[in-house]
Amino acid sequence: MISMSEPAPERNYSKPPGIRLLEYIKKSPLSYKTHQAIVLIVTFLAYASYHAARKTTSVVKSTLDPESSDVSLKFFPWRMTYLSEPAEGRRLSRILRDGWAPFNGSDGTALLGEVDLAFLAVYAIGMYFSGHLGDRTNLRIFLTIGMVGAGVFTSLFGIGYWANIHTFYYFLGVQMLAGLFQSTGWPSVVAVVGNWFGKKKRGLIMGIWNAHTSVGNITGSLVASALLKYGWGWSFVVPGLIIATVGVVVFLFLPVSPDSVGAEEDELDSPKKCGAAGVTEPLLEPEVKVKESAVGFLEAWKIPGVAPFALCLFFSKLVAYTFLYWLPFYISNTAIDGKYLSSEASGNLSTLFDVGGVLGGILAGHISDRLDARAITAASFMYCAIPALFFYRSYGHVSMAVNIALMFITGMFVNGPYALITTAVSADLGTHSSLRGNSRALATVTAIIDGTGSIGAAIGPLLTGYISAISWSGVFTMLMGAALIAGLLLTRLVVAEVAAKIEDSRSRSASRSQPTVIDV
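Reading the sequence shown from the start, the letters are residues 2 to 521 in my numbering.
One or more of the hints may lead you astray.
Ranges of calculated distance between the beta carbons of each label pair, as one might list FRET restraints [stated by the list, open to error]:
{"id": "1", "residue 1": "339", "residue 2": "166", "range": "56 to 66 Å"}
{"id": "2", "residue 1": "486", "residue 2": "38", "range": "32 to 42 Å"}
{"id": "3", "residue 1": "500", "residue 2": "339", "range": "49 to 59 Å"}
Calculated from the structure, these hints are not laboratory results.
Glycine included, C-beta positions come from ideal geometry on N, C-alpha and C.
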């Protein structure tokens, strides 16, 4: 620990202003564990606010475009009992809603899908550059700029309400710039957490920490839904102000790494004490104090496991982000127990998908830790998502209780592997043995995996915008196919993990069967 006799000001560390203030109030340096707690809290709030700002579009969709899904309801889905409801009842949720041009026309759903595509395409491309820059810049400043920028352009989308803007390209351009600034988030927060925490129980710890995604989605849904009654513009402006405010908190309090603030680990706290009992290898281990060069983009792609997990995440995020952007819209246009829900009620109900996602992320992380098998866990969850999607589409309309239960289960299986791959798997691969201890690879590897996944996240909502105009059953068929492909892409890694387990079991059996030789 830092010696109390050595005055901290003599050390030339780039401590955030908030950390300096806390140490001034405490009149002593903050402990390593205190720094870790600050990192967890600040990065959790940061990425939750990213997702809260991202979620608002899905809630406002049915307000901007209240009529377009009427066509899809006239096609036969897998179960059609709810269509026996009188036409007057099916239209109750649309009374007094005219939508917002240009999204309230016959092509409104397709236009909303194109806006989603623009956001997510720029987000995916920006992710690759963000990871590259993140390994080469001050992550605290980089993250702050990204959050404030995302807040500005999220708010500008909502400003269109008061400015009476009806130009499609205004909303398209604003969303593209919002996507660019949003891309700074994930590589940055994962890299910062990786600088502070060791590998022990990585799957479980990161599974719990990754709940920020679902917490952000839930918060965004509730805030946007509650503000719709005052005008849909508020549903964008308020989340925009929230992410910008949290960006200021990041600037004031986020310590990027132990070295940047002069924090020294206790014997028990240190993730670097590899030989200590109960402590495993560090997440990022700069044991040799030499200047490291950041890993190149192509070099990172060659790390074993990066390509299959990145491609798996492509299809996994295609499923997850289709729900993220379209679930409230789907609910508001589907009769549940013969009744349609309002946009606000649909947004609130959709949060249960993310509640299931929290449990799924924690379970996936815990199971993968216990089994020491990331690929087996991720593939198993993706295969289980297929029947969950089928049953939700087929029976979700029967009653509210059935809808809630099936939505929760679907969220658990869809978001479980998504959370596992973007956190623990990225951290594992970012510290792969082929890097020879280079600590400047995590943001790049994370950006490659999540950036590839984000391309799928862009394609899913876009296709949904077109397919849903014909049939929602077609959308769910697409999602089940994507889940199947995601699982199959991990087959080689699953076989390798199973073979390793069998070999390990044989080795243990052989060692137990060998007679003990006593040297007299």
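Do the hints match the structure? See the list:
At roughly 38 Å, the beta carbons of residue 339 and residue 166 sit outside the given window of 56 to 66 Å. Checked against the hint of 32 to 42 Å, the pair residue 486 and residue 38 passes, with Cβ atoms roughly 40 Å apart. In this structure the hint that residue 500 and residue 339 lie 49 to 59 Å apart at CB holds, the actual value being about 53 Å.
Comparing the model with each numbered hint stated earlier shows that hint 1 is the single one that does not hold.
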